[in-house]
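Each residue of the sequence shown is one higher than the one before, counting from 1 in UniProt numbering.
I should point out that these hints are in silico values taken from the structure, not numbers from a laboratory. Don't take each hint at face value.
Stated by the list, open to error - Computed list of lysine to aspartate or glutamate pairs in EDC-like fashion (alpha-carbon distance at most 16 angstroms, straight line):
(1) K369 to D390
(2) K266 to D341
(3) K369 to D410
(4) K266 to E191
(5) K135 to D175
(6) K135 to D170
(7) K128 to D170
(8) K369 to D343
(9) K128 to D175
(10) K369 to D345
Note that the structure is predicted; figures quoted are calculated from it, not measured.
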Amino acid sequence: MNALPEFPIFLRTATALVVGDGPDATAKVALLRSAGLDVTQHADTRDFAGFRLVVLACEQPERYLAPARAAGALVNVVDRPDLCDWTMPAIVTRGAVTVAIGSGGTAPALARDLRARVEAAIPPAYAKLADWCSKQRDLVRRRVHGRDARRRLWQDVLDGAETRAVLAGDSLRADALLARRLAGNPSPRGEVALVGAGPGDPTLLTLVARHAIERADVILHDALVSDAVLNLARREAVRISVGKRCGRHSASQAAINRLLVAQARKGLRVVRLKGGDPLLFGRAAEELDALAAAGFPVQIVPGITAVSAAAARLQMPLTHRGVARGLTLVTGHGKDGPALDHDWDALANCDATLAVYMGARGIGRIAAKLIEAGRAPSTPVVAIENATRDGERSITATLADIADRLGETDGPVLIVIGEVVALAAERATMARAAA
């Protein structure tokens, strides 16, 4: 979890003093009173005894800091984040639900902009939903035993017809739907989703993938899944790294299969989070077979695969009329090293772009095989390391010298071979010249 610059907290009761008599002070008094706080306002005072919170909305606030803090108060100074013990967030309210957005007082305009976005994303009808959920809590607590089981049920309700009914203004129908759900409330059945985490940038996740990650109880993830993606999970979710990085497996596939089944049998929502797309070079078939044998249906959520992400970063169409009529994806890594059992004649003598996954360690031998099968040594090649991640770099070379040019790598590398590489390089050169 990323470090918090401040700790957000919601206060139910507190005594507050606002020093100042201008519009800023008036606005702060109104805001604090709207939350039920006991607020006193003075234009000027030195008496801070008994106040837990002090807001300085006045000229020369520095002269009040020492006596306020000596009295044990936490101080907020309007428009002076460097002097603040606490800051006021931008606030969105939907009935009992409050969303507070803070920037540590350093970027209030940004906080206001984010508030506007949140306002648009959460319809006012969510106030009714919060009220309805509050009214159903005791019923659910009586009928559903166990914290995890209740959390699962509430997640199903929020994803289900009950929520749609409340938001449509039909709370009676929502009541009936919940009663029906509770009447047939079986032990929760485990769910498994194979989810594509994409190339690393969390903004490239699909909405379905993001939703699955946010709902998961357990996440089994590849080593290359970025922290930015993993941090979308709930804090309570269990994260288990199962390795699956080229040449660095930390768990056997059989062990991963057993773990998936075991977690699902506990009635948990399990996400198997794979870099890129789960159906490309991810051994998904073995996991699907194991889960099917155990009786668990599986949701598959596609992701943006590495070649698509890398090509987009380089503005390199992978097919091009008269240049490349197809795209071939192969793995460059086999069970015991470089994958050298491909049909090299077919790969070398076709008018398709060739993308090699996990090929950095074996690119020298792969290039030699292609040249031996008839591919021209001068064929353009680009290697992209860490596409969409920090440390992204690309190296353009030829089939003859790509191994020497690439050198040692640590991040994930995709290699693209074909004439489209040269076209992209020419386009990049023209763009730089135009700039």
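Structure-based check of each hint:
1. K369 to D390: violated (32 angstroms)
2. K266 to D341: Given pair K266, D341 is violated - Cα atoms ~41 angstroms apart, limit 16 angstroms.
3. K369 to D410: violated (24 angstroms)
4. K266 to E191: holds (10 angstroms)
5. K135 to D175: With Cα atoms ~10 angstroms apart, K135 and D175 stay inside 16 angstroms; holds.
6. K135 to D170: Holds, at about 15 angstroms.
7. K128 to D170: The hint holds at about 10 angstroms.
8. K369 to D343: Holds: K369 and D343 sit about 10 angstroms apart, inside 16 angstroms.
9. K128 to D175: holds (13 angstroms)
10. K369 to D345: holds (9 angstroms)
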